[in-house]
Every structure is written in C-alpha cells, then in structure tokens.
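A.B. asks: Chains as they are written, first to last, in full-length UniProt numbering: chain L, 1 to 620; chain W, 1 to 620.
Since the hints were derived computationally from the structure, they do not count as laboratory data.
Hints should not be assumed to be uniformly reliable.
For chains that are exact copies, the list does not tell them apart, and a pair is met inside one copy or across any two.
Dumping the calculated DSS-like pairs for lysine-lysine here, alpha-carbon to alpha-carbon at most 30 Å [as the list claims (entries may be wrong)]:
#: 1; residue 1: K619; residue 2: K380
#: 2; residue 1: K493; residue 2: K417
#: 3; residue 1: K69; residue 2: K272
#: 4; residue 1: K128; residue 2: K448
#: 5; residue 1: K69; residue 2: K129
#: 6; residue 1: K31; residue 2: K425
#: 7; residue 1: K569; residue 2: K619
#: 8; residue 1: K587; residue 2: K340
#: 9; residue 1: K505; residue 2: K587
#: 10; residue 1: K207; residue 2: K475
#: 11; residue 1: K594; residue 2: K619
#: 12; residue 1: K619; residue 2: K583
#: 13; residue 1: K557; residue 2: K94
#: 14; residue 1: K380; residue 2: K239
#: 15; residue 1: K619; residue 2: K587
#: 16; residue 1: K69; residue 2: K239
#: 17; residue 1: K557; residue 2: K495
#: 18; residue 1: K557; residue 2: K587
#: 19; residue 1: K448; residue 2: K160
#: 20; residue 1: K583; residue 2: K14
#: 21; residue 1: K94; residue 2: K160
Here the structure is a predicted model, which is why all the values come from computation and not from measurement.
2 protein chains.
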Amino acid sequence: MSKIVEVSKSPYAKLKTIPVGSVRVNGFMGKYFETLVNVTLPTQYDLLENTGRLDNFRIAAGKMEGSYKTLFPFDDTDVYKWAETVSFALANRKLPELEKILDSVIEEVKAAQDEDGYLGTYLSGDRKKERWTNLAWNHELYNAGHLIQAAVAHRRVTGKNTLFEVAKRFADHIYNTFGPEKKEGAPGHPEVEMALVELYRETGDRKYLDLARYFIYARGKGLASVPRNPGPEYFIDHKPFVELEEITGHAVRALYLCSGATDLYLETGDEKIWQALNRLWENFVTKKMYITGGAGSRHDWESFGEEYELPNRRSYAESCASIANFMWNFRMLLATGDGKFADVMEQVLYNGLLSGISLDGKHYFYFNPLEDYGRTRRQKWFDCACCPPNLARFIVSFPGYMYTTSDDGVQVHLYEKSTARLDFKGSVVEIEQETDYPWSGEVAFTIKTDIEEPFSIYLRLPSWADDFVLRVDGKAVIAKPQNGYVKLSQSWKGKHTVELSLPMKAVFIEAHPFVRDDLGKAAVKRGPVVYCIEQADNPDFHVWTLVLNSESLKEEKGKILDREAVFLKGTGRALDISEWEGKLYRKLSEVREKTVEFTLIPYHMWANREPGAMAVWLKR
Amino acid sequence: MSKIVEVSKSPYAKLKTIPVGSVRVNGFMGKYFETLVNVTLPTQYDLLENTGRLDNFRIAAGKMEGSYKTLFPFDDTDVYKWAETVSFALANRKLPELEKILDSVIEEVKAAQDEDGYLGTYLSGDRKKERWTNLAWNHELYNAGHLIQAAVAHRRVTGKNTLFEVAKRFADHIYNTFGPEKKEGAPGHPEVEMALVELYRETGDRKYLDLARYFIYARGKGLASVPRNPGPEYFIDHKPFVELEEITGHAVRALYLCSGATDLYLETGDEKIWQALNRLWENFVTKKMYITGGAGSRHDWESFGEEYELPNRRSYAESCASIANFMWNFRMLLATGDGKFADVMEQVLYNGLLSGISLDGKHYFYFNPLEDYGRTRRQKWFDCACCPPNLARFIVSFPGYMYTTSDDGVQVHLYEKSTARLDFKGSVVEIEQETDYPWSGEVAFTIKTDIEEPFSIYLRLPSWADDFVLRVDGKAVIAKPQNGYVKLSQSWKGKHTVELSLPMKAVFIEAHPFVRDDLGKAAVKRGPVVYCIEQADNPDFHVWTLVLNSESLKEEKGKILDREAVFLKGTGRALDISEWEGKLYRKLSEVREKTVEFTLIPYHMWANREPGAMAVWLKR
C-alpha cells in the first residue's frame, strides 16, 4: 500500500489517500515520470556516490578512512530522499537494478547507525560529542525525518523492514531523548513532525504522535533557534505555533512546519492548531504567494518577505518551497475536501514546482526567478542539494495525489492521461482519464466497477475555469459545483463514460496594486499554466522591452526538446532602447516603439534552450 | 590644515582640496552640522561607552577584566570614526569638553597597542595567535585604515601627535609584515588603501604609498577572500583590480576600493588603474546606481546586483555605500575637474546619503529602501554600527568638499549658505554664499580678496539645470559652460558679487526600461532633490495606490520637525483596493479610482514622523 500519507484511520481526515502504485500516468506528468525513472534516478545515484554523500555513511560506519566529505550537516537527507523516490518508483515500475542498488544503500545506512540508535554521519567520529547540542543548525531531527519518510515508503512499497527497523530505532532514540520531562528541544528545520505522524500511522504507536505534538508545541521558546542573526523568526521559533498570524521566516521551514501541523490536526483535531493553519494559509495565499505558486521572496535567509513583497527578478521561490506548498495544501485538502486547496496544488505544480527541473531530467533550479536577464541557469547539482532529490521524490509520488476516496465516493483532484485502479467499498473502481491536460481542458473518463450501489464521483472544477460542460454516458448533465467539485452520484456498475469540458483560453492576470513590481503589468495564464516570454522565441526584439497590445492571444502547438505544449502568440510594441545608451535616468520623454509579434511559452519550460532574458509579468 | 584629502603635492590631481575648517556652513547643511555637534557626537560617545566598544580597548590594555564585549571584529572602527569626526568638528568649532573626551579616548587606544605596534582589540588576549590569519573576515587592515584616517585628521586639526604616533606605529608594523617578499595578503575589506595614501601625503614617506599600491595589486589572487560562500567576488577578489569590467560584490568594499585606487592614481598616474576606474564608474552610474545615489541592490551579502537590478522595496543602498560613493566621486573630481563626478556627489548627498540620519540626529538607517510598507524605521544604533559614525564623519567634513583650488582659480562644487576663507596664491579669497539651496537655485556670492592679478572662479552647473543666469557685480554675463562649470575670469580684488540663478522646477524622471520595477513609473526630482510620497502627508488614501495625473506640480513651503523644505503638491488618482479584499491575483479588470490631492516630500526627510508607507517611484 504505497501511500504517501496514510490517513485511512485519521479521525479528522475527510478524504482518504490512495497508493502511488494504483495510478499509472501517461500524459504530461507521464513524461516527467519516464524521464525521472530513466535519467534522473541513475544520475542522482551517481551524484550521491561522486559527491561523497554515500562515503559519509561508510566513514561513519568505520568502513572507510577519513572524515565527513561534504559541506552541510543535512547531506544524509539527499540519500534518504533518493531512497524514498526509488521506493515510490518501485510501486509503479519493475526496476530490478535500482532496487538492488537501493538495498545496498540501505545496508550502508544501517551500518552507520550507532548502538543507541542515533544515526547521522555529520556528528560521527570526533564530532560525536556535539550530538543534540545545536538543534538550530545541525539538522539532526531533519535528517531523522527524511530517514523515517524513506523507511515508511520503502516498507509500504516493498514490504521489507530493512530500512524501517533502522528508522524506528532512531525514532525511539529521539523519543527517549526529547520531551517535557526529558531534554527540551525543537527541530531547527521542521520536517520530522510529518515523519513522526506517519510513523504513528504506520505502527499505531501513539508515542510518535505525542513526540510530533511535543515538537510543534515546543516552538516559540527559543529551543529551535539562535537568538541573533538570523534570529528566532527565521526558524519560526519567535512565537508558539498556535499564536502565529503571519507566515514569515525561512519558507521551506515554515511550509514543512505547516504540513506537519496539518498532519497533527488530521490525527487529533486540535482546534487551535487548525485555526493557526487557516490564518497562515490565508496570509500566504492572499499576500505572499507568487502567481507560480512559489514561496519565499528573499534570497537573504531564503525567507518570506513582508506582505505583498513579491519581487520578480530576485524572487527566491525555492523548488523545495514549491514542493512544501503542494504537500501542505494536499493535507489541508484531506482535512476539508475543499477545492481551494487543490487549486493551489495545481497552481504550484504546473508552474513554480516543475520549473525546478529541466526537461532533460538532470538540471535543477534551486531558486526560481520570475524574471531574468539571461544568466540564471539550472545546475546539475548543488553543495546544498535539497532540491534535486526533492523534485524527484515529488514527481514519482505524483500519482498518489491525483485521487482520494471518501465514504460516499471518489474524488478526482488532478487531471492527467492515466489509468487508475482504486480500492473502494471492498471492491475496485477503475478510472481511465483520456486528456491532453494541462494543454486542454477536455477530460474523458472511462469508469469501470463491479460495485452495484450508487456512489459519487467528484470532479474538481479549477478556480480558473469560468464554465464547464459535463456529460455522463454521452448525456449532458447539469450539476451545481460545491466547494470546487461537481458531484456525480449514481450506480457506476459496468462501464460508464464521463466527459468534462473546461473551456481553456489565455487570460491576462493582474496582481494586487500593493505588489508594486507588478503595477501596470499583466501575466498570462491559460488554464492552470502561467506563461512567460523568453528570448529564444523572440529574436527580433529584447523581450524586456515588450509592451502588450493584444486583447487576445493566438494558441499554437509548440515544442521544446521532446515536450509538446501550447504556445501563445500576440502583437505588441517593443520599446527602442538605443536612445537610452549610457543613461540610466532621464526626464520623462516620448518613447520610440515598433510593432512586434511575440511568442509566450509555459513558464515551467523556460531555460531549456539557449540563455536569454525572460519575464512573467509584462508591461501593458 | 584640516584637509580630508591632502593632494597639494599629488602630481595627478587637477584640483587641490581646502581645509574643512576654512568654511562655515549656515544653511541646509548647517542644520545638520549643528545637530551633529550638539546631539550626535555626545550621543555616539555614550553609545561607544555603553555598548562596550571603549571597554574593548581597556580589556586589550589589561586595564579591565573580561573579554571582547561586542560582536564584530571591526568594532574598534566606531571609536576611530568618532575620533575623526570630533577632530574635524574641532576644525570648525571650539568644543573643549569633547576635545577632553577625545584626548582620553586616545589614551585608551594608545594603551591597547602592543609592543610590536599591532593594535586591534578583537584579536587580543587569547585570540592574539589568530592575528593576520584570516584577512578575509577579521578586518585587521580595515581597522588600521580607520585608525590612520582618524590619526591624520587629529594631527591636522589639533597639531597633536598623540594618535598619529600610534597609527604610524601600526602602519609600520603592517608595512613590515606585508609585501612581495614578506607575507602576501590583501584586505578583506578595503579601506586601508585610502588611509595609507593619506599617511604618505602626511609624512612624505613613500613606503606607505608602496604598501597601498601593493594591497590594490594583490587583489584577484584569493588573498583577500574565502573560496566559497560568499566567495571571492563578494570581496572584489575574483580578478585583478585593473581587469575589472563590472562593479560587483559588497557595495561598500567595492566603492572604498575604488576610492583607494583613485588615491593611488592621484599620486602615481597609473594608467591601467585609471582605465579600470573609469570603466567601473561608467558601469556603476549607467547601470547600477539608484536615483538617490544609493549603491547595492541586494540585502544578501550587501552587494551590487546584476545590471539594471534596482529593486525599490528591498533596495539595500547602505548609508556607508552612499558615503563611499561620494568619497570616490570626489577623488575622481580631483583627478579630472569634470563636473559629472560632482553631479553624482550632489545626487547622493541630498538623497541616499542624508536619508541615513534622522533630523533629530540620533537615529540611523543602515539600508535605505526606496519604497516601504511602513515598517522600516531608523534605529538608535546597530550591532554592526558602521553607518552612524560614518554619517557623522561625513557631515562634519562636508565643508571640506565644497571648494577646491587650482593654479588658475577657485572651484565651487557645492552650494550652501556659508562663509569661506580660502588660501590662494599666498593670500586669501573670502567667499560668502547666500542661498536657500537645495530648495532654491538662487545663489548670491560675495567675493573679497586682496589679490590683484586675475584668476578664475568656476561655478558648477548641475546636470539637472536646463539653463542658468549669471550676473557679476549686477551685470548679466554670457558664459559657455565647460565640463559642467562656468568659468569667470577677472581680477577679484576688493569686493565683488556673483549671482547664479539655476531655475528649479519639479520634473518627472523615468528609468531605463530594463529597470523593470520602475516600468510605467516616474520619480519626481526638483533640482538635486528626489521626492517621495509618505503616508503622513496623505491621510485620505493609501500612498501605494496613487497614480500620477498632473502634468505639473505645485511648490509649497513645508516643515518636518525643525527643517523647512519645499514640498510638492499635485492631483492624481487613487486606486480603490477594497475590491481586492482577500485576493492577490485576478483577471485584468477595470479599476475604480478616485481623484486625490497628494503631497510629496524630499526623500531624505522620510520616516521622521509616524510610520507609514512610502514610495519614490510612482505609477503614471
């Protein structure tokens, strides 16, 4: 049961998750999936080996001479995320070679574990005495979190206990170390909270849930942070979680913390946590989120900015923050069934999340600018390499996010050419999606089941869709959407078809006037996809000089590398910058312009060709 | 002879400096000067005492128990800058109490010096063994630079050698330590280069000039930097200075380095240095400088951004970088007599430099945003307190920047109600300026001298002035400006008057279209002064919602605290943001607006009243 999040017994989950292995994706995300399995996973394994990340385990195990080979105390997690990714990939594919490598990696990890259960290669050898002395920066609990998540995934998919036993021993060590009558502490980088709740779900042992709760409530007391530079707010340790009003601090830390707190809510129904989560979500989505779903406005300390502070050229919008955004919203969706959360999942997925990985599957953005002068390029790897294996982990687990079930039916949250076999009411519902989503809003479902009694199929109506047309077995159906879903209730026994048509056309979007960098500008969105202008498609003028003219944009099939997409064409004016030579400021003057034809491409596909300027927000 | 920079024997200086003490300012800068002497200097002394900066010297001298009390290795320089400031103040005022304190401070400094001449309280006691082991971060040469500058100023003004002997001993220690056949090294934070050239000028001993030259040429070899994070470019150590094409890295480091390199050029005429300086200046002024003269676009690593990267809300524009900008341009002016450099001095002075200090003289900005949501406020002090004493030092030395002399005459670079007694041709030229500059472009000069032979008076014509009217002894004069100056040649014996009229009116300024944050926006400038809108003057609408309408702006006398100024009034439209409640993005729609009257104030005066939003660049 390769579920990412197992909430079937969670009392406050309105929706229940499905296994990653129950859906096979063959469309837009299918391409990412294939590239991931064929290119990314082997490449990343080589990088783990070549950068010394696996050697770190060998050194800690005493199998190899030397000392910690890499730069950061959290480099173990790249190995764990890779292991988790391979595990989820195995839920969908036979990959005997990778599985063999995974088993050997698990052996290396296991060998590095101490007698007492502690596992962490950074604080091994001479540094052993520093364990648990610097929770703010040493990332020991963050490491534990990723280990546990990998272990749970590995056991769920393969049935093997090899990594799971290791993780559980470390979790027990942590449980024995921390707590109100033990050592006080909180993770400098949240992550273990989600993992501990999942370990509780996997084992049924409540102590892991208690520990997650302890860690969340331990924040705001200076236990997770350093007093100055960057100070407690960076660590989201400046206030108790339940008192937070504004989302601030390190974006990934904040969003992982919110994800873990939502997991806690799903199990406990803690009302104060729930209120804080909703306040933070509202603040984030209405004041701090990029149109791409990106989070984090500042390079300095990789942090959220103030409200409406959303610079384009120096947007940080870390790939991991996009993933965290998706993960948090999925958990909020499980708690509520409210489509507004799935809307954000979709908004970040097709834009600021997939922009993190190149179409060739082996180059990555750490931060994702919304505007560039032509120098920012995806890299093969980073010293701080959190994003590449996190992107891989996300892509491979994508099928598990597409559907949920509830007592009364099945929810379809994300559209993708795919086949699914979902367990429901002790039987199976097969759902095939035939669609070119996100390039087309036409989705044809074929539903097969033996279940006689009526149940509901919920189809998400994205907030970008002004309208929709629905047919069941060829007959038009009038349905009133609720909470972002249209509900089709009937007996589905046998084979039925549902056709959903979401009219997709390019629209111009404006930002709140307080987002002053976007004043007088528009972004272009078509369906869930945000567009940008890139120099590669527009050789006749500098794309930063474009002024939008068109009322409407023409759609055209385009291709970048092996990926087909819908491009958009229009007419605009390009400013003549020759008269600006040698000047930065001048008295307001008439500007010479020329009429130009321009082409826009999906933002997530930029920087896959020759370097050049790019912009999402265009002057109008 | 209280000169800031003594270039009377410098072979490549076209212009010669005047003593700070030869001009008394009574106008706009006079207010700053008075506040400085009455409020800032005593307050800052208390802060040096209360924050432990003076105790650091006592501890290093063994007079006090304990260890280094403050956070950063460069905290000694706050004491040195204060000493330099008091020295320059003494050139203009009798301040017996402050002079007594200064003498005692010098005793403390002297007592902390080691036998071998080393002086630096951070690497004293247990840390002694770390001396000269970490040039990138320990700021030992930066400390030495400020010590030398303070000592030279102190000797020039008071004639005392007390601090000078201390500084010279340290300089000799450094000279004996570093060099091609000694230890290789370069300052992590440039500053000592300027100081060493000045020490050469003061002593005539060429070894100090050689050492300055050595340090400048030692850059680009990894001697001044750390290889990673932030890496050599931050330290301007990624290339030899003479090969630099683009101004990058830490803004203050870069601009101090350019200042020091210009000093080197003034003495040596090094052509490669000169070419590099001009390339960097061009790059800075035409691609990287804020309209306020501010430098440094990024909070992360306090650094320059890419070309045309000039965000408003998160502009860094450190106060020290503004001062460094002024200092560099003054040196370029001395080398060339070209008014384009004085234009930049003026641009930064009345805007991004004076914005660093509050009108009450005891609150400071470290960074100077060009747009704010209402949370950024000046502080009383900082852990990293470079800016407050640097601002003080600048204000007190301002008179020394107003005039220069050359073989053929006297140059007036900056206008200010003032009286000056300038040594010239073995006699004296007295110049009185009667003006309300920068609020008015009318400047009336009274010139008195015994000198019989004709000489020239050069009056700067600022680049913002479209036109000018000139009268000598009441008679209109037609003169053709050259290099930004108009030259009046005659015998000035006796008493003469010159009236310069620079028509001043508010104009709208636009930025190069590549500065995308300013697209579709205008800034307002009147004479040298950049304006902003601040909430305090505009209670009827949120200032961030303003759209400019007026073709012209009305001038009105206004006042903030004790300072009179010209405010600007106009008519605009304010966007209705109520319809945006709970939304960050929406489909492009008609916007409701209302007509409003708005008031603009000089940018440098913002944040002296109740907190509120502010913006320099306004939508048009």
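A.B. asks: Each hint needs a verdict: does it hold in this structure or not?
C.D. replies: Going through the hints against the structure:
1. K619 x K380: neither (33 Å within a copy, 41 Å between copies)
2. K493 x K417: Classified as within: same-chain Cα gap 22 Å, cross-chain 94 Å, threshold 30 Å.
3. K69 x K272: The answer is neither: 44 Å in one copy and 43 Å across copies each exceed 30 Å.
4. K128 x K448: neither (57 Å within a copy, 80 Å between copies)
5. K69 x K129: both (19 Å within a copy, 28 Å between copies)
6. K31 x K425: For K31 and K425, the Cα distance exceeds 30 Å both inside one copy (32 Å) and across copies (83 Å).
7. K569 x K619: both (16 Å within a copy, 28 Å between copies)
8. K587 x K340: between (46 Å within a copy, 17 Å between copies)
9. K505 x K587: between (40 Å within a copy, 12 Å between copies)
10. K207 x K475: This pair counts as neither: shortest intra-copy Cα distance 53 Å, inter-copy 95 Å.
11. K594 x K619: both (15 Å within a copy, 23 Å between copies)
12. K619 x K583: both (21 Å within a copy, 21 Å between copies)
13. K557 x K94: neither (34 Å within a copy, 80 Å between copies)
14. K380 x K239: The answer is between: 26 Å across copies meets 30 Å, while 38 Å in one copy does not.
15. K619 x K587: both (20 Å within a copy, 15 Å between copies)
16. K69 x K239: Classified as between; 29 Å across copies, 36 Å inside a copy.
17. K557 x K495: Classified as neither; 33 Å inside a copy, 81 Å across copies.
18. K557 x K587: Close across copies (24 Å), not inside one copy (43 Å); limit 30 Å.
19. K448 x K160: Close neither inside one copy (32 Å) nor across copies (98 Å); limit 30 Å.
20. K583 x K14: between (60 Å within a copy, 27 Å between copies)
21. K94 x K160: Only inside one copy: K94 and K160 sit 16 Å apart there, 86 Å across copies, limit 30 Å.
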